[in-house]
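Here are the chains, one letter per residue:
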Amino acid sequence: MSDVDFRDGHAESGDRDYSTEHDIGTEEAYATVEAAVEGEVEGLERAASLWGDAWIQLRRRVVFWIAVGLITLFTVMAIVPQVFVSPSPATHDPTDCRLRDDAGEFQDRLRPSREHWFGTDVQGCDYYARVIYGARVSIIIGLGVTILAGILGVLLGGISGFYGGAVDQTISRFVDILFAMPFLVIAILFLNAIATPGSRNLGHVLLVLGVFGWPTLSRIFRASVIQARGQDYVEAARALGASNGRILVRHVVPNAIAPTIVYATIAIGGVIAAEATLSFLGVGLQLPAISWGLMINTAQTRILTDPHLLFFPGVALSLTVLGFLLLGDVVRDALDPRLR
Amino acid sequence: MSSTKFRWRLLAVLAVFTLVAAACGDDDDAATTTAAPATTAATTTAAPATTAGATTTAPPVTQPPEAVGGGDLSVYIAEPPFIDPQLVQDSEGFEVARTLFDGLTLYSPAGGAVIPGVASDWSANDDKTVWTFNLRDDVTFTNGRQVVAEDFVYGWSRAADPDLASRVSYHGEIAGIVGWAEINGGDGTGTVGDELVPGIVAVDDTTLEVTLEASNALLPKILAHPVFSPVPKEVVEADPDAWREMPVGNGPYQMTREWEHDVGIFTERNEDYYGELGLPDTVEWRILSTQDAAFQQVQDGTLDVMFGVPDEQVDGARVEFGDRFLEQSTGSFTYVGLPAIAFDNVDIRRALVMATDREAIAERILVGRTAANGFVPPVANGAVLDACPWCRYAPEEAKTMFDAAGGVPGDALTIRFNSGAGHEEWVEAVANDWTRNLGITVSFEGLEWAAYLDFLFGDDPVTDPFRLGWGWDYPSAYNFLGPLYHSDSGDNLTGFSDADLDAALDAAIIAETEEEGIPFLEEAQRIAGDQIPVIPIVFGLARGVHTERVSNVVYTDFGFTLVENVVVGG
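Respectively, the protein sequence lines represent chains X and Y.
All the letters of the first sequence, read from the start, carry residue numbers 1 to 340 under my numbering.
All the letters of the second sequence, read from the start, carry residue numbers 341 to 910 under my numbering.
Because the hints were derived from the structure by calculation, they are not lab data.
Backbone N, C-alpha and C define an ideal beta-carbon position, used for all residues, glycine too.
There are no misleading hints in this set.
Beta-carbon label-pair distances, calculated as ranges:
no.	chain 1	residue 1	chain 2	residue 2	range
1	X	ASP101	Y	LEU350	36 to 44 Å
2	X	VAL83	Y	ASP799	45 to 53 Å
3	X	LEU304	Y	TRP348	28 to 36 Å
4	Y	SER837	X	THR95	31 to 39 Å
5	X	VAL185	Y	GLU888	32 to 40 Å
6	Y	VAL603	X	ILE186	23 to 31 Å
7	Y	ARG347	X	GLY69	14 to 22 Å
8	X	THR91	Y	ASP687	27 to 35 Å
9	X	GLN82	Y	ALA745	33 to 41 Å
10	Y	VAL603	X	SER86	48 to 56 Å
11	X	ILE303	Y	ASP602	22 to 30 Å
12	X	GLY203	Y	ASP840	46 to 54 Å
13	Y	VAL603	X	LEU281	16 to 24 Å
14	Y	LEU350	X	THR91	28 to 36 Å
Extracted from the complex, chain Y is given alone in its bound form (with noise of 0.2 Å):
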């Protein structure tokens, strides 16, 4: 060969090389603090204005007067495990339930507070044990069938129901709904829905009475959940494998076909919604499997709003969005949750904390975050925003505290967290930080969403380190305390128990109004702050963008995107 051809192979070695570089890949992984499982459904009743650090923009939470309706939104959203609202557990499938269902009440746009829904009103007795609704007459079912309580009672029966094996019927009992704990703790008849929860009554049509066990002033709030949705008896049992992949509801929007996993869950709107009805025709759910494959879909404009831009775009980002980016506190908290089977031993937990480096992974990792000093977002009434004096980077203490401990059996972890998610360079410098300072080997995995929720989940235990997101269903401090650490709690995934946390968290629920509960709440933090059953790592901030096609894009902190309100086109 000559010595031009060799030059032009060298050419084109290198021009190879930087065509293979300069591909960009969607293989990155961006923060998602809200990849996480929304699963407690919690009402609130009082608007947290004042909480402490809140930076909450204020979003025009109505649509704009002039806005004319129309268009076609896309909205990226992972694939979800369950949009059936019987079963959403998570932030994606909580997205779309939101749209394709209303319950009793709904959450308020303006955050912090629910409206009504399909009850126009509600009453309580004395001691709120005995809870009315008045259902309005006017709302329908896509099949075009009048809402009655009966739908109510049917759904939230299919909810307690032991036979559904729904992981988020625990509201129910969290709810002291009667009747409802006795049902899903037993053994099931083989059929769903036959029960029927004595705690709820459908009085007439249009009267529906709730009897709980206890006082609860939370009950309007947590009653927002999709689980407590009313469904249509006849379309669920007539087809039960049709009804999870395309559920018939009530709500401003419609599925137009079945669900196409992976690929997106197609609505229209409801033209016979009781309310006021969603802007866009047309709301594409596109179902992607990083978060990078959404952010270079909008960047091209094939994709309308992305929320959950990968962390190594931030700052390009806003450059490039302006006023289309968008930051929002929401009331999700990420963490790495200590297993107490495997880390039965305060002081190892208490010194895997002091050994990360959590300032410095919110700082430079996740770009320009604050670390989390205690277990409550902000946003929520009664957090205690430096609950958790061992939240600090100590690793000298760390060390001596762990090996004084005895170590971790093997002197070998592995973190696992969901892939895809923005969560792979926070979980590496987590591991780096044990290894390096704790003297241990430490690994990592991810594992795709819907299989990291079987794994968590499952039936084996888990027995590792693992990262997880809470997004709050409710606006109450209580939301991110007594389900993941209430040892009777169904997303208690450490498997955390502590007596006087339960003991704090029971005397919150039954408080009179949500003000009373307050200081046990409070109590329950301190507790918290001084057993470690996970070791915070940040608060919620949703970042997201959209394409110029769209405005009045706005996301609660709350975290789910107002879609209804989007102005197409323009």
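Looking at chain X on its own, in the form it has when it is part of the complex (with noise of 0.2 Å):
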């Protein structure tokens, strides 16, 4: 939980006197005490840190490799797609879609085969090419947003939690505002009026979904910072003469930030999915972008006649919101003290 290690109560530091080696109350001192509980100085022995601890936990876990597994798959897949559609026979360009092969035969909605890995389409697209490449825009909206928010929620959560008073009256009543709103019905409401039906894109379904996402986290952010501000080693290092900005930034967010990394994290995964949500509703993007959401909506009324259509685009989306789902949750197991 913090640097100078309080898990079970005590406190380690070295056991070097440094009161003859600087002045108590300058930032010398202050830096040297830092060091030395940072293990950086000569002798010591390195403390143990919530992080370092928490890796060691993390990487005994299968769970966390899974995790692991399947997001780098899929962030791997959105920056280079061309990689995994390569070895397909069928053409590697989503957007080739005809209705005729070359022989003439129709070609539309045909089932899995040698030919066409996960079938066609109802255009004729090969299927295999538009899931792969359906991944980028998954991913992007998930880490876009996820950073979107995160940034918009640390800032605002942190000025909020650490000054108080005043400024944290009005930051709040800000976040009970937009946590008041209906995410999906105002995210409907906002998705059509900034951008006309032929005119919405991924910068605009961005900015939606992270506009409405940093209230959570700044809440979750918000409440370690406060917790944090109180605890004695922030008290130390203000006797010590360290500014709000060195507290802030060296103290409080490094201890603080935990909960909200793990809330983020989660987060990504309904985040791609509610891009998926908004898709299928038809209020997210619109076709001719490439996005697992659109394809659902597709075959939603095909479930019976042709299954393929919904299938392949919907365990692509599952496997991704897994993913980061169960990422999630082991960060969040290996960084929670109450669980030793």
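Build the complex: two chains, separate frames, hints provided.
What follows is the structure in structure tokens.
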């Protein structure tokens, strides 16, 4: 929980006597103490840290590696879809859609075959290529929205929690207002308002999801910050003369960030699902964008006649969301001191 | 978290996914060939009994002899822009207005002809320029007042009045009624209905005389269109806004309350109707935004009748509904318009049609349809089925011609269409064809019906390809050619203008009889086939379903549901 480790109620610092080396109250004194605590001073054992221990924990868990595997798979798929598509015998261009093949035979809604690994869709597009390229939208939105919401949340939550007072009140009320709005309804409203149906793009969806995603993160972070700022080590740092900024950055944030990170990781999965939902409803991305949500939309009326249209993007979406959920879970377990 | 919890987590995620996936949204699009502006009014005298390829199933066109009336009927429509008869410009408003108002003549349910309405009989002078209509004396508006010749004079003058800004007033010009064009082309006075059209005279309460500028054998057919309905002046002028929401008519049904926008139009049988009383006690025109929603409601049994079964549901619907699945060839036509202002080079237009694999689209996406290779549907008398020699799939030739003609600005196009009516997928296929075969970037955009009509008919000229449908107003090939391609027509959205085509159409309309006009109409179709003002996609095929609760559901080849003959229950 802190870098001067209070986990078992013990402070572990070195045995050295610092009192004569520097004047108490100066920045230098403070820096020395800090360095000692962090094990940078020679002769001291490196103090165990929350993050170090968490990592040791994580790398032992199978689920962690499964989650990392899934996330890596889909992230790489998003970055270089060409690599995944290249072994396929069918066209490598997901937008090369034709109702007839070269022989003049109809090739829409084909079942999975050697030629088309995932079959073809209503327009005759190779479904495998489309599912692979669909990862891009999901990963970009998942990571992009979370980063955006994360930055906003940490910034506003941090200021709110650390400074308190009128600033906190103002920001908190604003957060309350955003919380009061039902997400889907407002998201639909905003997406229709800021972009006419024909011109809606990834940026719009990213913006709307990010703007509605940061309140929760800020609340979590604010709570952690409030708890952290009351800790003794903050008092100690202040006594040693550290500025507010330094305290925030070097002490409060690292110690308060854990729950926020856990939530954000889990939220990535939720964001990806949210984009798929919006596209499925027709208010997110639109054709000709390639998105798993859009594919599921087209597939929904053909569940009985062409189930493969639903199965492949559905599984891909589920696995991606699952990867992030699992990661969030194991990270939370690793960081939660109460489980020890 | 323990591993058991993880397993449950996994199951939960998969379960949620399955739920989400299985939820049937109502976002799907079905092909509606009838969600089109059925705006031209034309009168048909000749029944198209022997038209080539017409697969009109002969419907029982009257009420079954032992039919018992009663019950409540609900029928699906999309939200129409208007139901005021002088403003009705689309298929949806047409369905409703037809039951609320009767004009001089009525469309024959058997198709292809008109039958007497308020006019019991009519005659014309030798050169068919002066027509005399004798009206019945037992017709009343639902406010109790008798319908007289003056009501027609007022109604038609209202339609011609530029102050009303009706998009369907041009039917009067097609009919050639004296003075109509002058009034309509004038500045207006600020008041609606104050300038009386000189070509219409109420000789007395039951005699109406119509004078035309030139002979027109089709007049009685043209006059069946709702724009020529009689309307009660005192009601209209008392509160024009209330009139639009709840017009008062003389038809077999009357409104029970104001039009609830995006919800429904509620009507009940007019017990004082002069003709055969409608069978259902009430008819609810349920307004839904997508055909999918309507189809699901019929499946659930909460909606009785819907036409426009979504394409991807057709195969399943045939099995599920059995003989409650109805198919009817209709006089309608779906096309992609190519605005002349942007596509002024005929080679570009020809290249675009050759780059489109219309057969595959019709067969696969529209599920078992055939591509239209002409401009007039087979059910119409005078249709030339293969009028369009350029209507073949030849992607290499298209590419060569397209490049030679200089392509399109920015190498990009946007195709527009009305959303929620089943056009999303085939428009996407057209976009894919053009992208692949011509090397340009093609996107597409759907707009809701009323907004789409505003876009097409608004002040800014359309410069992008647009999907539209056309349902005939009177069973004549002229109705598919004049309004769409004649340079004077208000429905000519492409702005297409060809002097030879205009001349052929003008000659057709003044022909002594409909038969004598046919060669000119054939000529007009061949010119269109050469000049490609629009890309023909398919001709009308209405597919509908109904619940077990109702029977005798008939959809005419004209494109409307004979709600008055539907048997509810029993």
